[in-house]
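Visitor: Please take these sequences and the hints and turn them into a complete structure.
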Amino acid sequence: MGRKGDDTVYRDSQMPVAQARELLQLVTALHESSAHPGMESLFEIFQLELTLSIDIVESPPDWGAGEPTKH
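Here the sequence shown stands for residues 611 to 681, where the numbers follow the numbering used here.
Derived from the structure by calculation, the hints contain no laboratory data.
Careful, some of the hints might be misleading.
[Said to hold, decoys possible] Listed next, with one range per pair, are the computed distances between beta-carbon atoms: (1) E642 x I664: 15 to 21 Å; (2) I666 x R621: 17 to 23 Å; (3) T618 x D672: 32 to 38 Å.
No residue lacks a Cβ here, since even glycine has one placed at the ideal position from N, Cα and C.
Guide: What follows is the structure in structure tokens.
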């Protein structure tokens, strides 16, 4: 997936909503602690991604619901 010399880490996680809420609380606590200044932007991204994912599961969007699937 990565190119030679690329040290980027990619992640893709799946979990139940309850576990996502717990992870969101943990990430929020770490972010608010300011103990890891080099991670602040990642904490913000994780918080946004987790919040959006939880919201989508709890209140699925209805756009496109009436349209047939095109294959």
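Visitor: Would you mind marking each hint as holding or not holding in the structure?
Guide: Hint by hint, here is what the structure shows:
1. E642 x I664: 15 to 21 Å: holds, 18 Å
2. I666 x R621: 17 to 23 Å: About 18 Å separates the Cβ atoms of I666 and R621, which means 17 to 23 Å holds.
3. T618 x D672: 32 to 38 Å: holds, 36 Å
In this structure, every one of the numbered hints holds.
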